[in-house]
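Trainee: Protein chains in written order, with UniProt numbering: chain B, 1 to 337; chain V, 1 to 337.
Since the hints were derived computationally from the structure, they do not count as laboratory data.
Mixed in with the good hints there might be a few duds.
For chains that are exact copies, the list does not tell them apart, and a pair is met inside one copy or across any two.
[Claimed, not checked] Quick list of in silico lysine-lysine cross-link-like pairs, DSBU-like style, CA-CA up to 35 Å:
1) K317 <-> K334
2) K306 <-> K334
3) K88 <-> K101
4) K261 <-> K317
5) K261 <-> K112
6) K281 <-> K228
7) K228 <-> K88
8) K228 <-> K334
9) K261 <-> K334
10) K334 <-> K101
11) K112 <-> K317
12) K228 <-> K317
13) K228 <-> K101
14) K306 <-> K88
15) K265 <-> K228
16) K131 <-> K306
17) K265 <-> K112
18) K112 <-> K334
19) K101 <-> K317
20) K101 <-> K265
21) K228 <-> K261
Number of protein chains: 2
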Amino acid sequence: MKTQGLVRMCCHICKLPGRVMGIRVLRFSLVVILVLLLVAGALTALLPSVKEDKMLMLRREIKSQGKSTMDSFTLIMQTYNRTDLLLKLLNHYQAVPNLHKVIVVWNNIGEKAPDELWNSLGPHPIPVIFKQQTANRMRNRLQVFPELETSAVLMVDDDTLISTPDLVFAFSVWQQFPDQIVGFVPRKHVSTSSGIYSYGGFEMQAPGSGNGDQYSMVLIGASFFNSKYLEFFQRQPAAVHALIDDTQNCDDIAMNFIIAKHIGKTSGIFVKPVNMDNLEKETNSGYSGMWHRAEHALQRSYCINKLVNIYGSMPLKYSNIMISQFGFPYANYKRKI
Amino acid sequence: MKTQGLVRMCCHICKLPGRVMGIRVLRFSLVVILVLLLVAGALTALLPSVKEDKMLMLRREIKSQGKSTMDSFTLIMQTYNRTDLLLKLLNHYQAVPNLHKVIVVWNNIGEKAPDELWNSLGPHPIPVIFKQQTANRMRNRLQVFPELETSAVLMVDDDTLISTPDLVFAFSVWQQFPDQIVGFVPRKHVSTSSGIYSYGGFEMQAPGSGNGDQYSMVLIGASFFNSKYLEFFQRQPAAVHALIDDTQNCDDIAMNFIIAKHIGKTSGIFVKPVNMDNLEKETNSGYSGMWHRAEHALQRSYCINKLVNIYGSMPLKYSNIMISQFGFPYANYKRKI
């Protein structure tokens with residue numbers, strides 16, 4: 001009875017004569033519905049496939065229980081033989097606003113990571129994951145960690161103390177320039193008449209004839225950058241990974257090459273730190289950072305030329321933009337007379 | 001004979017038999033050509049109409065004899081009763097790199113502009129146009145001057161001396177952020193619990209609870225901005241123009257409102273000047289700038305609230321980004337210990 005009523009309604013709408021009723025109309029309606037479903041299915045199949053990183057982002061959004069992935073960052077800190085500094089630094093960084101999680105890349109092969117010690121001194125504001133590595137490689141910190149849920153990475157060397165105001169400000173700058181490395185340590189490459197490149201900092205002559213200096217790289221060991229670049233790094237030619245493994249150096253130079261190449265403009269933005277310290281002199285481990293090795297600087301120049309060779313061009317671009325926080329320290333925009 | 005030769009060629013191409021030659025084929029060819037022209041004409045009429053500012057840009061490119069409109073800028077300097085300062089400043093600004101032309105907005109009604117004096121002291125590096133005004137209005141400098149050919153305007157008050165390195169650097173920053181006002185004088189608005197806004201500078205409490213200060217406007221009287229915003233200004237409601245005429249003030253506040261509203265982000269970027277001076281104390285004219293009037297600051301707050309009323313919202317957005325030139329003055333990125 002109900003069906004007939006429905007059918008009658010349909011018929012009123014369809015304006016079909018009363019006598020051509022019943023099962024025929026019902027069948028017709030069902031066929032129409034089926035066809036519509038098939039068409040919808042076909043259209044869905046024709047839609048552009050969702051990009052992989054968008055899927056990853058969606059998953060991250062669900063995982064992070066509604067926390068937006070642009071609003072917080074993950075600290076990745078690689079450590080080797082400086083556990084006293086590491087723990088001191090973690091005590092500082094764990095309380096930085098907008099920090100989502102810490103991933104410690106534990107390069108002390110054969111030595112257990114201090115998970116127990118860490119947990120015994122809890123509770124802690126955010127999760128800290130100790131990732132035991134199988135080999136002591138510089139590029140271990142550039143893996144695509146499954147625990148990483150944010151769009152932004154804060155990468156810091158295990159002897160570098162960056163003040164909280166510096167981090168809060170630099171993160172806000174990164175949010176405005178999410179495709180670039182926003183960091184505290186600028187470096188540059190210079191061309192020579194022979195076409196061979198050299199690597200250096202302020203002590204080198206700035207390219208061009210204008211005033212002031214230029215930089216073409218921002219070192220990742222004190223910086224914010226987009227976590228998608230970790231995937232980019234993994235996809236680089238084997239020669240790039242081999243270069244970094246051979247030198248135990250230059251992973252940051254490679255990252256600048258990759259990003260400059262990808263975005264077609266300068267890879268990084270330099271934010272002048274107000275309060276940033278290197279604590280390496282304070283370690284009891286007796287271990288000095290890699291940059292103390294005699295060949296360190298020469299290796300960096302070597303890497304630049306090798307990378308130009310691998311990529312077939314010099315993608316790094318110069319910039320002279322230095323960003324500071326307006327009004328911090330107080331009245332820093334006033335002229336010093 | 002020639003025509004027949006051509007026709008024969010056409011026939012060879014068309015593969016028509018030799019006998020069906022002559023006038024018929026010629027007529028046919030002409031008809032075909034006519035039809036093609038008609039079709040082309042019809043297609044052109046169907047093309048999307050070229051936007052007005054693109055047309056303007058094309059005309060500018062032709063006029064500027066191949067000079068790219070993003071690579072140079074036009075100085076617009078409005079002047080009232082300070083001709084000694086004006087001429088001193090013009091002597092400085094005329095030599096700034098990448099300057100295309102100067103437009104002097106001559107607000108000294110009834111007094112002849114110093115064209116003759118200027119020409120007698122030539123030759124000059126670039127053209128300087130003196131635009132005699134019919135009324136002494138603050139907003140005269142925001143007209144769409146037909147002589148203006150560049151995408152960028154450098155607007156400077158007639159008592160402001162900005163060093164060449166500052167200008168060269170700020171222009172390079174504008175080229176990277178061409179939709180924002182890139183300038184040397186930041187100001188802000190503050191909210192109060194009553195919802196009434198107030199205008200001020202560093203002396204006012206920064207909004208929010210973070211470190212440092214914020215700005216929400218960059219004053220146009222020492223800045224680079226996109227010349228298209230002059231057209232935008234002209235198209236504003238009559239109430240905006242009336243407000244500026246009534247107060248002889250606030251044209252710069254209005255520009256910040258317009259731009260912030262248009263781009264949906266902060267209207268300007270503050271570049272910290274290394275060497276910028278106000279020369280008003282040096283004038284022999286006895287005339288003090290408008291900002292010395294007793295009601296000047298109160299008027300600025302008044303304007304903000306009026307503009308919010310006219311536009312129906314507060315479009316200004318805060319920023320704390322301060323840009324300096326890396327390495328100028330020398331080693332300015334080093335910490336002062």
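Trainee: Would you pick out the hints that fail for this structure and give their numbers low to high?
Mentor: Failing hints, ascending: 5, 11, 14, 17, 18.
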